[in-house]
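Number of protein chains: 2
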Amino acid sequence: MTDKALVIFTPSGKRGRFDKGTPVLTAARQLGVDLDSVCGGRGICSKCQVSPGYGSFPKHGVTVSDDALSAWNAVEARYDEKRGLKKGRRLGCQATIEGDVVIDVPPESQVHKQVVRKAADARQITMNPATRLYYVEVQEPDMHDPSGDLQRLRDALRRDWEIEGLDAPLSVLTRLQPALREGKWAVTVALWKDHEAERHQLIDIWPGFFEGRLFGLAIDLGSTTIAAHLCDLRNGQVIASAGVMNPQIRFGEDLMSRVSYAMMNPGGDAEMTQAVRDAMAGLATGLAEEADIPARQIVEATVVCNPVMHHLLLGIDPVELGQAPFALATSDAVSGMASDVGLATINSAARAYLLPCIAGHVGADCAAVALSEEPYKSEDLVLICDVGTNAEILLGNKDKVLACSSPTGPAFEGAQISSGQRAAPGAIERVEIDPETKIPRFRVIGSGIWSDEDGFEAAIATTGVTGICGSGIIEAVAEMRMAGIVDASGLIGSAAQTGTPRAIPKGRTHAYVIHDGTADGGPKITVTQGDIRAIQLAKSALYAGARLLMDELRTDSVDSVVLAGAFGAHISPKHAMVLGMIPDCALDKVTSAGNAAGTGARIALCDIDARAKIEAEVHRIHKVETAIEPRFQEHFVAANAIPHATAPFARLRAAAPLPDVSFNTGGAEDGGRRRRRRG
Amino acid sequence: MTDKALVIFTPSGKRGRFDKGTPVLTAARQLGVDLDSVCGGRGICSKCQVSPGYGSFPKHGVTVSDDALSAWNAVEARYDEKRGLKKGRRLGCQATIEGDVVIDVPPESQVHKQVVRKAADARQITMNPATRLYYVEVQEPDMHDPSGDLQRLRDALRRDWEIEGLDAPLSVLTRLQPALREGKWAVTVALWKDHEAERHQLIDIWPGFFEGRLFGLAIDLGSTTIAAHLCDLRNGQVIASAGVMNPQIRFGEDLMSRVSYAMMNPGGDAEMTQAVRDAMAGLATGLAEEADIPARQIVEATVVCNPVMHHLLLGIDPVELGQAPFALATSDAVSGMASDVGLATINSAARAYLLPCIAGHVGADCAAVALSEEPYKSEDLVLICDVGTNAEILLGNKDKVLACSSPTGPAFEGAQISSGQRAAPGAIERVEIDPETKIPRFRVIGSGIWSDEDGFEAAIATTGVTGICGSGIIEAVAEMRMAGIVDASGLIGSAAQTGTPRAIPKGRTHAYVIHDGTADGGPKITVTQGDIRAIQLAKSALYAGARLLMDELRTDSVDSVVLAGAFGAHISPKHAMVLGMIPDCALDKVTSAGNAAGTGARIALCDIDARAKIEAEVHRIHKVETAIEPRFQEHFVAANAIPHATAPFARLRAAAPLPDVSFNTGGAEDGGRRRRRRG
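So the protein sequences, as listed, match chains D and C. Throughout, my numbering is defined as the position within the first sequence, counted from one, plus 395. Throughout, my numbering is defined as the position within the second sequence, counted from one, plus 395.
Keep in mind that the hints were calculated from the coordinates and are not lab data. Errors might be hidden in some of the hints.
It does not matter which identical chain is used: a pair holds within one copy or between any two.
[What the hints assert, rightly or not] Listed next, the in silico DMTMM-like pairs over lysine to aspartate or glutamate satisfying Cα-Cα at most 20 Å (straight line):
| no. | residue 1 | residue 2 |
| --- | --- | --- |
| 1 | K482 | D461 |
| 2 | K588 | D562 |
| 3 | K477 | E606 |
| 4 | K793 | E769 |
| 5 | K795 | D540 |
| 6 | K579 | E606 |
| 7 | K1008 | D727 |
| 8 | K399 | D414 |
| 9 | K795 | D775 |
| 10 | K795 | E774 |
| 11 | K919 | D847 |
| 12 | K1008 | E774 |
| 13 | K984 | D951 |
| 14 | K984 | D775 |
The model shown is predicted, which means the values in this text are computed figures rather than measured ones.
Just need the whole structure built from these sequences, with the hints factored in.
What follows is the structure, given as structure tokens:
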């Protein structure tokens, strides 16, 4: 028999022979097994917990005796007493190998643990954050070897963690000496790793072993709303989320208005920069308070946004993005100090990472959607629409991916809709209209009960019915079309034409009453002719963008559609198709990705390799410019009808035949005027 | 005959054969000849001027015909018309090779030109600054190739200048787009090169070809005074210099008082940091105004200082430097944004570089002295004393160099001296005392005339005689000793004992009147017993430090002595030796290096390779700690006499025999007390 013992790690299957007395952690490191440790094997952090297996393992051809590992030692006993060690667990840095053994590394002990992105999604995020904690014991200073404390910290990090190239910002360097002395030459440091260079930056330092966790912010900076997720950097868990309106709205609802504001008002870009930075800082502070964590432990932020927001956040005048050739100041990912983009309330040395832009109109938000949905890995030809004030559209598969941006306007987000509002409790999010009686039923956010069901009044007692959100207006318009209240041109019929008193006159057009709460002092929620027109403009823009990409790939159909966006998860595929928002596709192939841009931000936050990946992928994504493409205008005009004539919609017609009605009375309504002029 | 022409460059002697029609600049680059160009060969910058030689060159074995270079072209004619081209000069990027030719590259056309450091010094600085200008023509943006402006600037720099790894701080990135458009896609950029990594940082950008020059600041941050030199980064020339008192003096005259202030007053270190940063920013602004240059064109600063000033400038609490083991927070060179150390009035992206420290008591100022004086290249055993509030002392030769710091106090700088003042017009800087009559003569700064010469009154009419500076007090005390007015113990005799009415009673001791201006409303300038004691303490500390290093090298003598320091150039070697400031040495081997620390700062400013060199050398300099070394105290006590007994001073005794007087009357004077207690 050999003096060395066979060690097999699961689930990796990595195996090797080691001298008896070798700590499990040492063996794992030598074999490249993914076993975590923050304290470097000093029995402090307990991150290296393993589960030894005993008995017979025919699969591995080994039988493990009860004394294959060293006996439970004092460090383990103390740890168990203080904090409790799960049954069967050992500390990998304490237990030594004494015989052939099979050792399981549970998921929580893996450095690069896989975490499920969200319940409905099989894809996973690999935890590999840029910023991690390291515990080190630093050589004390010696008058006869007069190196600085920083140099000895570097030596310790090189020795224990093989870390080279450590930069220390002044703001952290000033805290180094007190921390080393308070910790009696043991400190825990948070180090950020630059994925572009073999270089680390000191983010923070704590005396002794720091028990706390590190957090990051994934920020989706939209034209209309700013959403942020506070994530635990050990397991990727979102521990708090919050959103606010983008305060730049006061300078202009849409991006081009803001670019105009910057052009017309000297210093206008700086005003907008300050506004968005303040809002982001406020969000960060609020999230730390909500999660009850010290803001100092928020050490990183990733930001996704469209190019105009990207420039305004960085303090770059976006004027060039308002005119051809739409040149970005910089298209690469931007990595810098979070405080440089106004995130001054989190850790003072925290880093910020803005994903790369694809082009002048296709921003880091689109790159984030690509990172989340990975069209470049798809076998299917997949169309991904990230619906917001601008739609980011990706079309492609593993061979080629195209991208464009389309100015849908804020209608899909409930803005510029007469009864519109943000998706919040009280907002109508689902609508059904009986095609016979033309009577609607609806559901509001915060209540699972339909308006014609028992208990509805009680369920909405606190919120009331306050308005209609983006997904609600889409369903309402599609249902109105299916119930014959709206014709293919988008005109709402009169009560006589539609046979329902809910079709009421409004100026020279008509409106349809979804809910009348005036008796109780609430609002009357209607869909007006103006609302229909706003939705028509928005859906035409979205469709025209998708269609332009399809032309570019010389295809008339796509295999699958992914609807993404802050409210993308709430859009009903059937209603989207009835409206003609998206090209024809089997309904079961239309899925929702939720806030894919936000998910992309979260992936980039949790996995440093994802940053390198998307930085490489954006160069392979072919951008199509909608703003100067005459076919975009053609598609846009042709897509005005509900649904429109340019798509066959064979599957849709089979699933939901639409009534053949026409309410054009030759009257003063705009659609009628337009048609007359053309005729 | 071959189709290729032979080209020989002088002074390098590099030669090669080139196709006819090859521009001279291209040939130079291919041969690695040091020929400058900012515009990249576009006939704009005229930095590539060369002097072709015609006729017979037997040494090179070549005869150059008149048509060896292409004829004078339109670009050269235009340049000559606009700005004038020296006779015989050609633009290297315009003139093409048409036959065998010898081409001289004049010094001003060399990138790494050698510049004489100062008139009296044969050593040279190689011009190789970290920050340089580059002219580039950038590809215009194209909607179908949607890279950012920064990416296309990077491409152009890679193509024309082989520059990789360009970082752009946000503050410069915001100016990129307007500059590119204003310059019609041609810009001049200032790039800083990191000597530690193959990495550049964008410092500034100007539309088109920028005619201006770049400047740097070499700052000598002393405990008592802050001196700064504004240098032209093309030729190293100092175009303006200025100095101010270090405003930290109000927190403590010497370094240990300031460390105490930081320890006793919460936030005291931050107060001192702010004070010194403000003073430096003020100096920078003042220098730009004095030289009438835009502060934006000051793109770099190098700083040398002792460890306490180093920490206070960086915002690091210096408390650890006040107690053994005197641990530095960081000993390596510090490279960062100038604005991070308060230099916010120069270019907003300017860089600052602090030379490395050698140890907790031996700072970047000592490293700068080493860089300037290069003891590590010396064949002689050289002792270098940089005299200030602390003395930085280096001893060694090419085999080994030792360093220490000694707390001389501010007496050598004229502080804590009864009539002391900074070296400024009106200050007495030279003193002679007639050994027979005991009558002094002196010279004041700003006047070349001795006080007993004709025209003296007129020469000092504007300044008056205001006090005595560091070099003046050293000479005064030494002359008093040589004239028998002071005895070997440092006691001033009475009028009766010395035979001069200029020895006047002052309290229980005596003082010697150098100059009495009271009749004209001016001051009476005397050397008091207290002044002598202060000088004794200072010179004992300096001598003890030097002696400690000599002990360490087991030597009793040195081959040469270099006196450095802001006022080092003004110390008379003979008087220094009479005082016993420095060990015995042939008088002609005692030289002055002037402000060697400041010169070191200037070398590091002008030559990036010098930074790498001193960063390597400091690790080879062996530091000796005076503060805990009992022998230092012994040497210090033994060095109190004038001159003292521990040095043989054979050469001095031969040159200037000292009178054997003793004024100890057993009275109440401190020297007498001390001696009694010992007896």
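Here's how the hints hold up against the structure:
In this assembly of identical chains, the alpha carbons of K482 and D461 lie at most 20 Å apart only when taken from the same copy (15 Å versus 95 Å across copies). In this assembly of identical chains, K588 and D562 lie within 20 Å of each other by CA distance both inside one copy and across copies; the values are 10 Å within and 17 Å between. For the identical chains of this complex, K477 and E606 are intra-copy neighbours only, at 13 Å inside a copy versus 71 Å across copies, given an alpha-carbon limit of 20 Å. In this assembly of identical chains, K793 and E769 lie within 20 Å of each other by CA distance solely inside one copy; the values are 9 Å within and 62 Å between copies.
Taking the shortest Cα distances, K795 and D540 sit within 20 Å of each other only across copies (16 Å), while inside one copy they are farther apart (59 Å). In this homomeric assembly, K579 and E606 come within 20 Å of each other (Cα to Cα) only inside a single copy, at 17 Å, whereas the closest approach across copies is 56 Å. In the homo-oligomer, the alpha carbons of K1008 and D727 lie at most 20 Å apart inside one protomer (13 Å), although the nearest pairing across protomers, at 35 Å, exceeds that limit. Taking the shortest alpha-carbon separations for K399 and D414, only the intra-copy value of 5 Å comes in at or below 20 Å, while the best inter-copy value is 70 Å.
Taking identical chains as interchangeable, the C-alpha atoms of K795 and D775 lie at most 20 Å apart only when both belong to the same chain, with a minimum of 11 Å there against 72 Å between chains. Taking the shortest alpha-carbon separations for K795 and E774, only the intra-copy value of 11 Å comes in at or below 20 Å, while the best inter-copy value is 69 Å. In this assembly of identical chains, the alpha carbons of K919 and D847 lie at most 20 Å apart only when taken from the same copy (17 Å versus 107 Å across copies). Within a single copy, K1008 and E774 get their C-alpha atoms as close as 19 Å, which meets the 20 Å cut-off; across copies the closest is 57 Å, which misses it.
In the homo-oligomer, the alpha carbons of K984 and D951 lie at most 20 Å apart inside one protomer (16 Å), although the nearest pairing across protomers, at 93 Å, exceeds that limit. Proximity of K984 to D775 under the C-alpha cut-off of 20 Å is restricted to the intra-copy arrangement: shortest distance 10 Å within a copy versus 86 Å between copies.
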